[in-house]
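Chains as they are written, first to last, in the working numbering: chain A, 2 to 142; chain B, 7 to 634; chain C, 282 to 574; chain D, 40 to 160.
Bear in mind the hints are in silico, worked out from the structure with no lab data behind them. Bear in mind that the values here come from a model prediction, so they are computed numbers and not experimental data. Where is the CB? At the ideal position from N, CA and C, for every residue including glycine. Please note: incorrect hints may appear among the correct ones.
Examples of chain A residues toward chain D, derived with CB under 8 Å [said to hold, decoys possible]:
| hint | residue |
| --- | --- |
| 1 | Leu37 |
| 2 | Phe42 |
| 3 | Ala51 |
| 4 | Ile62 |
| 5 | Glu65 |
| 6 | Gln74 |
The lines below spell out each chain.
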Amino acid sequence: MSQSYNRGLVEDFGRWREFTAGMWAWILHKFTGWVLVGYLFTHIAVLSTALPASNAASGVIAAETDVYTTTLQGLESLALVRVLEVGLLAVAVFHILNGVRLLFVDLGVGLEAQDKSFYASLVVTAAIVLASVPTFLEGVF
Amino acid sequence: MHEHDVLVIGGGGAGLRAAIAAQEEGADVAIVTKLHPVRSHTGAAEGGINAAIREGDSWDLHAYDTMKGSDYLGDAPAIETLAQDSPEETIQLEHWGMPFSREDDGTVSQRPFGGLSFPRTTYAGAETGHHLLHTMYEQVVKRGIQVYDEWYVSELAVTDEDDPSERTCHGVVGYDIKTGQVEGFKARNGVILATGGLGQVYDHTTNAVANTGDGAAMAYRAGVPLEDMEFIQFHPTTLPSTGVLISEGVRGEGGILYNAEGERFMFEYGYANNDGELASRDVVSRAELTEINEGRGVEDEYVYLDMRHLGEERITDRLENILHLARDFEGVDGLEEPMPVKPGQHYAMGGIETNEHGQTCIDGLYAAGECACVSVHGSNRLGGNALPELIVFGARAGRHAAGTDLGEPEIATGRDEEFEREDGLDTPVDPGAVGGASDAVADGGERTDGSRSSSDARSDGGTAVASADDVVQRAVENQRTRIDRLLNEDSGVQQAELREKLQKSMTQNVNVFRNEEGLKTALEDIREVRERYEDVYVDDPSRTFNTDLIHTIEMQNLLDLAEAITLGALARDEFRGAHWRQEHQERKDDEWLKHTMLAWNDGSPELYYKPVILEGEEDTYEPKVRSY
Amino acid sequence: MSTQIQEESEEATETETETAPVERESPGDRRREAKRTASDQRVASEPVGEIEGDTFRLKVFRYDPEVEGKMEPRFDDFTVPREKGMTVLDALIYARDHYDTTLTFRHSCRQAVCGSDAFFINGRQRLGCQTQISDLDGPVRVEPLPHQDVVKDLVVDMEHFYDQMHAVEPFFQGDTPDGDLEEQRQSRENREKIKMSTRCIWCGACMSSCNIAAGDNEYLGPAAINKAYRFAMDDREEDELKEHRMKILDQEHGVWRCQTQFSCTNVCPKDIPLTEHIQELKREAVKQNLKFW
Amino acid sequence: MAERYSSFRSGSRSWLFQRVTAAFLVVVLAFHFFLLHFVNHASEVTFAGTSARMEQWGYLLTMVLFLLTATFHGVNGVYAALLNQGLTGTKKRAVKGVLAIAGLALAAQGTYVALVMSGVM
Ligand SMILES: Cc1cc2nc3c(=O)[nH]c(=O)nc-3n(C[C@H](O)[C@H](O)[C@H](O)COP(=O)(O)OP(=O)(O)OC[C@H]3O[C@@H](n4cnc5c(N)ncnc54)[C@H](O)[C@@H]3O)c2cc1C
Ligand code: HEM
Ligand code: SF4
Ligand code: F3S
Ligand code: FES
Numbered sequence: 002m003s004q005s006y007n008r009g010l011v012e013d014f015g016r017w018r019e020f021t022a023g024m025w026a027w028i029l030h031k032f033t034g035w036v037l038v039g040y041l042f043t044h045i046a047v048l049s050t051a052l053p054a055s056n057a058a059s060g061v062i063a064a065e066t067d068v069y070t071t072t073l074q075g076l077e078s079l080a081l082v083r084v085l086e087v088g089l090l091a092v093a094v095f096h097i098l099n100g101v102r103l104l105f106v107d108l109g110v111g112l113e114a115q116d117k118s119f120y121a122s123l124v125v126t127a128a129i130v131l132a133s134v135p136t137f138l139e140g141v142f
Numbered sequence: 007m008h009e010h011d012v013l014v015i016g017g018g019g020a021g022l023r024a025a026i027a028a029q030e031e032g033a034d035v036a037i038v039t040k041l042h043p044v045r046s047h048t049g050a051a052e053g054g055i056n057a058a059i060r061e062g063d064s065w066d067l068h069a070y071d072t073m074k075g076s077d078y079l080g081d082a083p084a085i086e087t088l089a090q091d092s093p094e095e096t097i098q099l100e101h102w103g104m105p106f107s108r109e110d111d112g113t114v115s116q117r118p119f120g121g122l123s124f125p126r127t128t129y130a131g132a133e134t135g136h137h138l139l140h141t142m143y144e145q146v147v148k149r150g151i152q153v154y155d156e157w158y159v160s161e162l163a164v165t166d167e168d169d170p171s172e173r174t175c176h177g178v179v180g181y182d183i184k185t186g187q188v189e190g191f192k193a194r195n196g197v198i199l200a201t202g203g204l205g206q207v208y209d210h211t212t213n214a215v216a217n218t219g220d221g222a223a224m225a226y227r228a229g230v231p232l233e234d235m236e237f238i239q240f241h242p243t244t245l246p247s248t249g250v251l252i253s254e255g256v257r258g259e260g261g262i263l264y265n266a267e268g269e270r271f272m273f274e275y276g277y278a279n280n281d282g283e284l285a286s287r288d289v290v291s292r293a294e295l296t297e298i299n300e301g302r303g304v305e306d307e308y309v310y311l312d313m314r315h316l317g318e319e320r321i322t323d324r325l326e327n328i329l330h331l332a333r334d335f336e337g338v339d340g341l342e343e344p345m346p347v348k349p350g351q352h353y354a355m356g357g358i359e360t361n362e363h364g365q366t367c368i369d370g371l372y373a374a375g376e377c378a379c380v381s382v383h384g385s386n387r388l389g390g391n392a393l394p395e396l397i398v399f400g401a402r403a404g405r406h407a408a409g410t411d412l413g414e415p416e417i418a419t420g421r422d423e424e425f426e427r428e429d430g431l432d433t434p435v436d437p438g439a440v441g442g443a444s445d446a447v448a449d450g451g452e453r454t455d456g457s458r459s460s461s462d463a464r465s466d467g468g469t470a471v472a473s474a475d476d477v478v479q480r481a482v483e484n485q486r487t488r489i490d491r492l493l494n495e496d497s498g499v500q501q502a503e504l505r506e507k508l509q510k511s512m513t514q515n516v517n518v519f520r521n522e523e524g525l526k527t528a529l530e531d532i533r534e535v536r537e538r539y540e541d542v543y544v545d546d547p548s549r550t551f552n553t554d555l556i557h558t559i560e561m562q563n564l565l566d567l568a569e570a571i572t573l574g575a576l577a578r579d580e581f582r583g584a585h586w587r588q589e590h591q592e593r594k595d596d597e598w599l600k601h602t603m604l605a606w607n608d609g610s611p612e613l614y615y616k617p618v619i620l621e622g623e624e625d626t627y628e629p630k631v632r633s634y
Numbered sequence: 282m283s284t285q286i287q288e289e290s291e292e293a294t295e296t297e298t299e300t301a302p303v304e305r306e307s308p309g310d311r312r313r314e315a316k317r318t319a320s321d322q323r324v325a326s327e328p329v330g331e332i333e334g335d336t337f338r339l340k341v342f343r344y345d346p347e348v349e350g351k352m353e354p355r356f357d358d359f360t361v362p363r364e365k366g367m368t369v370l371d372a373l374i375y376a377r378d379h380y381d382t383t384l385t386f387r388h389s390c391r392q393a394v395c396g397s398d399a400f401f402i403n404g405r406q407r408l409g410c411q412t413q414i415s416d417l418d419g420p421v422r423v424e425p426l427p428h429q430d431v432v433k434d435l436v437v438d439m440e441h442f443y444d445q446m447h448a449v450e451p452f453f454q455g456d457t458p459d460g461d462l463e464e465q466r467q468s469r470e471n472r473e474k475i476k477m478s479t480r481c482i483w484c485g486a487c488m489s490s491c492n493i494a495a496g497d498n499e500y501l502g503p504a505a506i507n508k509a510y511r512f513a514m515d516d517r518e519e520d521e522l523k524e525h526r527m528k529i530l531d532q533e534h535g536v537w538r539c540q541t542q543f544s545c546t547n548v549c550p551k552d553i554p555l556t557e558h559i560q561e562l563k564r565e566a567v568k569q570n571l572k573f574w
Numbered sequence: 040m041a042e043r044y045s046s047f048r049s050g051s052r053s054w055l056f057q058r059v060t061a062a063f064l065v066v067v068l069a070f071h072f073f074l075l076h077f078v079n080h081a082s083e084v085t086f087a088g089t090s091a092r093m094e095q096w097g098y099l100l101t102m103v104l105f106l107l108t109a110t111f112h113g114v115n116g117v118y119a120a121l122l123n124q125g126l127t128g129t130k131k132r133a134v135k136g137v138l139a140i141a142g143l144a145l146a147a148q149g150t151y152v153a154l155v156m157s158g159v160m
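Next comes chain A alone, as it looks inside the complex (with noise of 0.2 Å):
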C-alpha cells in the first residue's frame, strides 16, 4: 500500500552549498592520501634504477652516467616533472598538516576549533607551497 520514494539525486542537492570544513577536509584527506600512495609506489619504481646502477663501473657512477643519476636528473630536467612536484609537495604538505589536526581530533583535543584548524591547514599549506616554489622550479624555466 504504502510505498516511499528514494530521492537518489535530487537528495544530495544543497550539500554542496553547505559542505562544511568537516566535509572538506575529509574529502581533501582522502585525495591527497591516494596522490601520496600513487605517489610512493611510482617512488619507488624510480629508485628502482638504482638497481642495475649498482652494477655500474664506478667511473659510470662517479661520472653521473649511471641509470640511477641519469634517470632521477631526466625526470628533474622536465619542467612538468618539477610542477608536478611542488603539486606533491601540496598535496604532502596538506596531508601532514590536516593529519596532525586529524591526530588532535582523535585525542579530543581543540574540537571545538576542528573548522579553524581545517582552515589554517589550507592556508599554511598555501604559505609553505608558494615560498616553496622558487626551490623547486630552480634550474627548469
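Given the coordinates of chain A, assemble chains B, C and D with the ligands onto it according to the supplied hints.
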C-alpha cells in the same frame, strides 16, 4: 485483528509506565500510539517530580500540600495514594538509570516548588520530563514490548448496554497513519487510555499539537463520565507566538513583569502586594490579562518579563535554557530585551473519571495520566505533581489491568442514583451531538462512536450478548465507513477553519476570566462549529500519511471537550482554584465541595455532581483558606 | 553518495518542479489544481517590491505515492506573510492551513523536544520549530531529511534510524540496590559527563547529515553511538557492562566508521558534541584492547 | 578474543596503527622532503650521493622504517577508505589480498633497493 492482553493507548509517561507494569505482571502488552513514544509531550515537562524521599519529609505532608493546592477538590484516597507511591516510583526511575541531578554525596537532588512545604521536587536539570520519557521508553525497548507507533486510535470497542456501568471494553480501532489501514485491536484484559492533555482546545497553549484529548473524548462518548473539566490551568509566562513555556524559574530568580507603560503592575496595581511576580499561577495570569484588557498590554496582547537586571552571568548560569527558548521561538535575546509573555493554557485538571486503580466505570477500560481524573489535582494542580501522577497511576493501572489484586478501591466510579443532578443549567443552545440522543450522528451521516444510541444497540445486537470479536469488528467497520466518507467527500468545510474558530472562541470566552455571558457565547460558538462539522471533508485523498484526516478526526474530540469544559464552567458559579467567575468571586464550600460530572448520555450530555472525599487514611482534611 | 556533481542534482530537481500536472479526474483534484494555480499566481502576480519586507517565499518538496501529479516529486511555492518570531514550522503550518491542507509534515511540541520536525532547510538539517525565518535567506526551501526514504512530502521513514538506536542496547542494565528506596549514587562529575549525551531527542538530523551513514546502512550512526556513550560512561553501570557495551561499538560498523566529518555535531539541534563522544569511545576501545596485549 | 583481533571486526588496532604511523611519518616525511629538496636539490641527486647517505646506518634504518610505515599507512588507509565505501564479502577479501600483496611487494622491493644503495647487497 491484533490481539494482546493489555492495550495501552498512548506512549507518554503514563502509557509507558503502564505498559512496563503490565509486562512485569506477566501480561502480553502492546502500546498503540499516534506519535512515536519519544515524541510524546511528557518530554516537554521541565520542573520535576514531587516525591517525599528525604529525611524530614513525609508522604502526609505531600498529601496535605496537594490537598491544599487542589483547593479541597481532590479526593483524599487519590492524593494519599499519589503521595505514598511517589517515592518508590521515583526511585524506580533512578534504578532504571534516569539521569537525575545530583547532590555532592551522590544522592538525587530536590528543589523547592510553588505550594510545597518541603523542597521535594526531584529533577533532572530543566528537562525532567524528557529524561523521564526516554528512561521509560528505554525500559520498554529492553522488555521488547510491542509498540505500534503512528497508529491513531479513533474509537473504543465497547459493548452497548444502556447503562454505561454495565458496558465492557474489548479493544480499540487503530488507523495506521503511514498506510491508511484501519484495523481492530482486541484486548483480552483491558485497554488503558493514556492519551495526555487537551491543550489544543485553546489557540494559545503550552501543549503540543498532538494534545487533542482524544482519549478523554473517546471515553466520554463511550459512556465514561468526565470529571471537573472546567478546571484548566493557565500558565502566566508563555511566549506569545508559540505558547512555549517560560519556566517559573525566571520569576523565582527575580524576573520582573512590566506592562506597556513600564509599570511593575503586580505591585503598582495591587494584584499581589506581598509576593508580586511570585504569586500563584492563577493570580499572575489574571493580573496580566487585566492589564492587557485595560489597554496597558504591549500590542494589546502581552506583557514583558524582564530578567536583564539579573546580569549575564547569573542568567547564563541558571537560566541558559530560557535564553535559548526566547531566542529560538520568539526571536528575542533575553540578555538585551525583555521577553514578551502572556498566559497560556497549560494543564487540564479534569478528565476521565477513574478510581485509584485507574479503572473507569466501563469494565476493562482504564485511564491514567493527564487524560484521567482520579482526582489528585482537584481544582488546581501544583507544579511537579503531574509527573508523579503519570508513574504512580500509570503503574497501578498497568498492574490492575494485568490482573493484579490491588484491593478494594475507595473511590467509586460511575453514576450513583443518589448523586445530585444539575437540571437548572441555562444553556443558550442544546449541548451534545447534533440531533441529540435520538438521532445522534456525529460526523455527517455515518454512525460513529459518537452515535451510540439505545435504538442502535437493539437493532444491532438485540438482546444477544455480542462476542468480543464482534464488538471490535463492528467498531472497525464503523470507522472504515467514517474514514471512507471523509476521504471521498470533496466539498464542504475544512477542519482548519473550524479548529481556528473553536480555539479562538475558547481563548476569548473560557479563559482565565470567565463570566456567564462569555461562557454562553462559547456554547453558541461550539454549537455552530459542531453543526458545520457535519459538513466537514478531507481535502487530501491519499491514504498515505494523511495528517489532514487525522486533524479532522481530532477536531471532533476538541469539540466534545470544549463543550464539556464550558458546561462545567457555566455550572460552577464560584471561584475555586483555577476556575474564576466574574459574578462569583469567592469559594463556596457549603455548596461546591463536589466534582462536576458530565455524562455523554448517548448524545445529550447530562451534568451531575459527586461529593469530594476529604476523609484521609488518618485525618479528614479541613478546607482552609488557600493563601501562601 | 556524497560525490555527486551539483549540476546533476540541480537538473533533476528542476525537471521535477516543472513536471506538468497530469490529467486530473476527481472534482477534488480539479479544485486542488485550481487552488494551486491560484496560489502560484499569487506568487507570480505579487509586485516584486512588496514581496520584500512582509512576505517571503516558501518552497516545499512535495511527493505522494498515491496522488497523481505528486508521484513525481516537485517543489511547491507558497507566499507566506513574514511575522516577528516566525519559525519555519509556523510558516509550514500557515501554508498548510491557508493554501493546501494536503501539505504533510510531522510536528508536535513546537519547542524542540519531540524531535519530529527535522527537515532539510536551505541546505542544512534543522528543526523547523527551532529555526527563525529571519535567520534564513529567502526563499526558504524545505525538503525532507536527505538519505531517508520519503513517505510523503516532508515525512521520511524513520524505521532505520530507530533500528540503529535500538541496536546499541539503549537501556540501563546495571544491578540496582535491594531496598526499594535505596538510590544508586552518582557523582556530580559523572552526571555532568553524560549530561549532554542524554539530551538527544531522536530527531535524526545527525544521521541524515553524515556522509558515512548515507553510504553504509549498517553504520550505527552518531545518534546511536551517542546513546551508547550515555550508558558506557554512566558509572552506575558496572565495568563488565561497559566492556560489553564497548564490544558492540568496537566493530567495523561501529565507532570505526566515523571519519570525523563533524556534520553531525554541526547540525545537532541539542548541541550534543557527537564527534567528541565518538572519538572518546574510539580511544576507550583502543585502551580496552591494549589491556589484552 | 583472539579471533576478534585477527579479523578486521575490531577496528581499533588498525585505527591505532594508522595514527601511530601518521605521527611517525610527520617527522620523517618532513625531514625527507627537506633533505632532498632544500638541502640537496632533487635535480642534483646522484647515485653516488644517494649511496653515500645510505651507507650511514642510521639513515638507512630511518629510510627503511619510513618505507615500512608509509607503506602500511598508505595501504591501510586505502583499505579503510574502501571499506567505508561499503565493501563487503568476497570483494572485501579480494581487495584485502591485493592490497596486502601490493604492500608487501612494495616494502620488499623498497627495502631491497635501499640495501643495494647502501652497498650491503
Ligand atoms: C511545557 C510543560 C511543562 C510541564 N512541566 C511539568 C513539571 O515540571 N512537572 C510536572 O509534574 N508536570 C509538568 N507538566 C505536566 C505533565 O508534563 C503532563 O501532564 C504529562 O506529561 C502528561 O503525560 P501523559 O502521559 O498523560 O501524556 P503525553 O505525554 O501527552 O502522552 C500522550 C500519548 O498519547 C498518545 N495519543 C494521544 N492520542 C492518541 C490517539 N488518539 N491514538 C493513539 N495514541 C494517542 C500520544 O501519541 C502520546 O504518546 C508540564 C506540561 C507542559 C506542557
Ligand atoms: C606525514 C605525515 C602523515 C600524517 C600525519 C598522516 C595522517 C593520516 C591520518 C591521521 C590518516 C587517517 C585518516 C582517517 O582515517 O580518517 C591518514 C590517512 C591516509 N594516509 Fe596519511 N598521513 C601522513 C603521511 C602519509 C603518506 C606518506 C602517505 C602515502 C603513502 C599517506 C597515505 C594515506 C592514505 C592513503 C590514507 C587514507 C586516506 C583515506 O581515508 O582515503 N599518508 N593519514
Ligand atoms: S544526536 Fe542530536 S541530531 Fe542526532 S538525533 Fe539526537 S538530537 Fe537529533
Ligand atoms: S558526521 Fe559522520 S563521520 Fe563521524 S563525526 Fe559525525 S558521524
Ligand atoms: S515540533 Fe517538536 S521538535 Fe520541532
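These are the hints, each one checked on the structure:
1. Leu37: At about 6 Å, which falls below the 8 Å cut-off, the nearest Cβ of chain D leaves the hint on leucine 37 of chain A intact, so it holds.
2. Phe42: holds, 6 Å
3. Ala51: holds, 5 Å
4. Ile62: holds, 5 Å
5. Glu65: holds, 5 Å
6. Gln74: holds, 6 Å
Violated hints are absent here; each numbered hint is respected by the structure.
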